[in-house]
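Here the protein sequences line up with chains A and B, keeping their order.
All the letters of the first sequence, read from the start, carry residue numbers 1 to 109 under the working numbering.
All the letters of the second sequence, read from the start, carry residue numbers 110 to 223 under the working numbering.
Incorrect hints may appear among the rest.
Footprint (simulated), chain A over chain B, 3 or more residues, beta carbon under 8 angstroms [what the hints assert, rightly or not]:
no.: 1; region: 117–124
no.: 2; region: 157–170
no.: 3; region: 180–186
no.: 4; region: 192–205
Only pairs whose alpha carbons sit at most 20 angstroms apart, straight line, appear in this in silico SDA-like list of lysine to any residue [claimed, not checked]:
no.: 5; chain 1: B; residue 1: Lys118; chain 2: B; residue 2: Asp182
no.: 6; chain 1: A; residue 1: Lys68; chain 2: A; residue 2: Glu39
no.: 7; chain 1: B; residue 1: Lys153; chain 2: B; residue 2: Ser176
no.: 8; chain 1: B; residue 1: Lys153; chain 2: A; residue 2: Arg43
no.: 9; chain 1: A; residue 1: Lys42; chain 2: B; residue 2: Lys153
no.: 10; chain 1: A; residue 1: Lys42; chain 2: B; residue 2: Arg120
no.: 11; chain 1: A; residue 1: Lys37; chain 2: A; residue 2: His76
no.: 12; chain 1: A; residue 1: Lys37; chain 2: B; residue 2: Lys153
Honestly, the hints are just simulated from the structure, not real lab data.
Every residue gets a Cβ at the ideal spot worked out from N, C-alpha and C, and that includes glycine.
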Amino acid sequence: GENVEQHPSTLSVQEGDSAVIKCTYSDSASNYFPWYKQELGKRPQLIIDIRSNVGEKKDQRIAVTLNKTAKHFSLHITETQPEDSAVYFCAAGTYKYIFGTGTRLKVLA
Amino acid sequence: NAGVTQTPKFRILKIGQSMTLQCAQDMNHNYMYWYRQDPGMGLKLIYYSVGAGITDKGEVPNGYNVSRSTTEDFPLRLELAAPSQTSVYFCASSPGDRGPYEQYFGPGTRLTVT
Numbered sequence: 001g002e003n004v005e006q007h008p009s010t011l012s013v014q015e016g017d018s019a020v021i022k023c024t025y026s027d028s029a030s031n032y033f034p035w036y037k038q039e040l041g042k043r044p045q046l047i048i049d050i051r052s053n054v055g056e057k058k059d060q061r062i063a064v065t066l067n068k069t070a071k072h073f074s075l076h077i078t079e080t081q082p083e084d085s086a087v088y089f090c091a092a093g094t095y096k097y098i099f100g101t102g103t104r105l106k107v108l109a
Numbered sequence: 110n111a112g113v114t115q116t117p118k119f120r121i122l123k124i125g126q127s128m129t130l131q132c133a134q135d136m137n138h139n140y141m142y143w144y145r146q147d148p149g150m151g152l153k154l155i156y157y158s159v160g161a162g163i164t165d166k167g168e169v170p171n172g173y174n175v176s177r178s179t180t181e182d183f184p185l186r187l188e189l190a191a192p193s194q195t196s197v198y199f200c201a202s203s204p205g206d207r208g209p210y211e212q213y214f215g216p217g218t219r220l221t222v223t
């Protein structure tokens with residue numbers, strides 16, 4: 001079946017450093033790639049997304065890159081802050097997604 | 110707008126009992142989804158609907174049923190609850206197949222089956 005792999009499963013960075021989370025997907029029909037942030041006990045919330053006709057998208061400290069040929073996409077967070085600590089999920093699909101297994105990011109003050 | 114609402118917030122079921130998880134949205138979204146999230150894991154799609162009267166299976170549909178009689182409501186039915194169904198259940202909605210594809214999530218229902 002279709003699959004989305006996400007790495008790493010946990011990531012610890014010092015405050016102010018950058019964090020990178022990587023995902024690969026298997027379904028060639030995927031054209032929408034969202035990233036969700038989930039704080040403990042809360043619902044997932046969209047932080048950034050990218051469509052297949054775009055290679056890179058940036059929103060302040062957050063950026064996403066997409067390599068459709070290699071079926072890879074990545075989340076980049078710069079100048080990390082303690083409030084960035086959460087679980088991050090990538091997903092791939094169209095109106096229906098497959099989610100990755102999540103990355104627990106810890107930003108150490 | 111209330112967005113996506115779910116009831117109940119918490120529920121404990123005994124093995125073999127049945128229940129319905131309620132989900133409603135007031136954004137006039139055509140598409141609605143049910144996910145389950147096991148501890149420390151990602152979200153798995155149970156069922157989804159692209160409009161009133163239309164439902165389809167996701168990745169993990171066994172043990173569940175859904176119906177979509179109105180645009181606003183998308184209840185999830187658990188028959189004969191099993192411990193393996195202990196999870197957090199999230200309902201979500203999105204505008205439709207023309208995009209944007211962003212899914213808006215409800216607050217979740219935490220279900221324990223003992």
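Verification of the supplied hints:
Only residues whose C-beta sits within less than 8 angstroms of a C-beta in chain A count toward coverage, and the region 117–124 of chain B has 0 of them, not enough to reach three; the restraint is violated. Against chain A, the region 157–170 of chain B contributes 4 residues with a C-beta closer than 8 angstroms to a partner C-beta. That satisfies the three-residue criterion, and the hint holds. For the region 180–186 of chain B, the stated coverage by chain A is not satisfied: 0 residues place a CB nearer than 8 angstroms to a CB of that chain, which falls below the threshold of 3. Residue count for the region 192–205 of chain B with a Cβ under 8 angstroms from a Cβ of chain A: 3. That meets the three needed, and the coverage hint holds.
For the proposed pair Lys118 (chain B) and Asp182 (chain B), the alpha carbon gap of about 17 angstroms is at most 20 angstroms, so the pair holds. A distance of roughly 29 angstroms separates the Cα atoms of Lys68 (chain A) and Glu39 (chain A); the hinted pair therefore is violated under the 20 angstroms criterion. For the hint pairing Lys153 (chain B) with Ser176 (chain B), the CA-to-CA distance comes to about 19 angstroms; that is within 20 angstroms, so the pair holds. Taken as a hint, the Lys153 (chain B) and Arg43 (chain A) pair is honoured in the structure, with Cα atoms around 14 angstroms apart against an allowance of 20 angstroms.
Under the criterion of a C-alpha separation no larger than 20 angstroms, the hint pairing Lys42 (chain A) with Lys153 (chain B) is consistent with the structure, at around 17 angstroms. For the hint linking Lys42 (chain A) to Arg120 (chain B), the alpha-carbon distance of about 17 angstroms falls within 20 angstroms, and the restraint holds. The straight-line distance between the Cα atoms of Lys37 (chain A) and His76 (chain A) is roughly 13 angstroms, inside the 20 angstroms bound, and the hint therefore holds. About 16 angstroms separates the Cα atoms of Lys37 (chain A) and Lys153 (chain B), which keeps this hinted pair within 20 angstroms; it holds.
Figure legend: structure checked against the earlier numbered hints; hints not met, in rising order: 1, 3 and 6.
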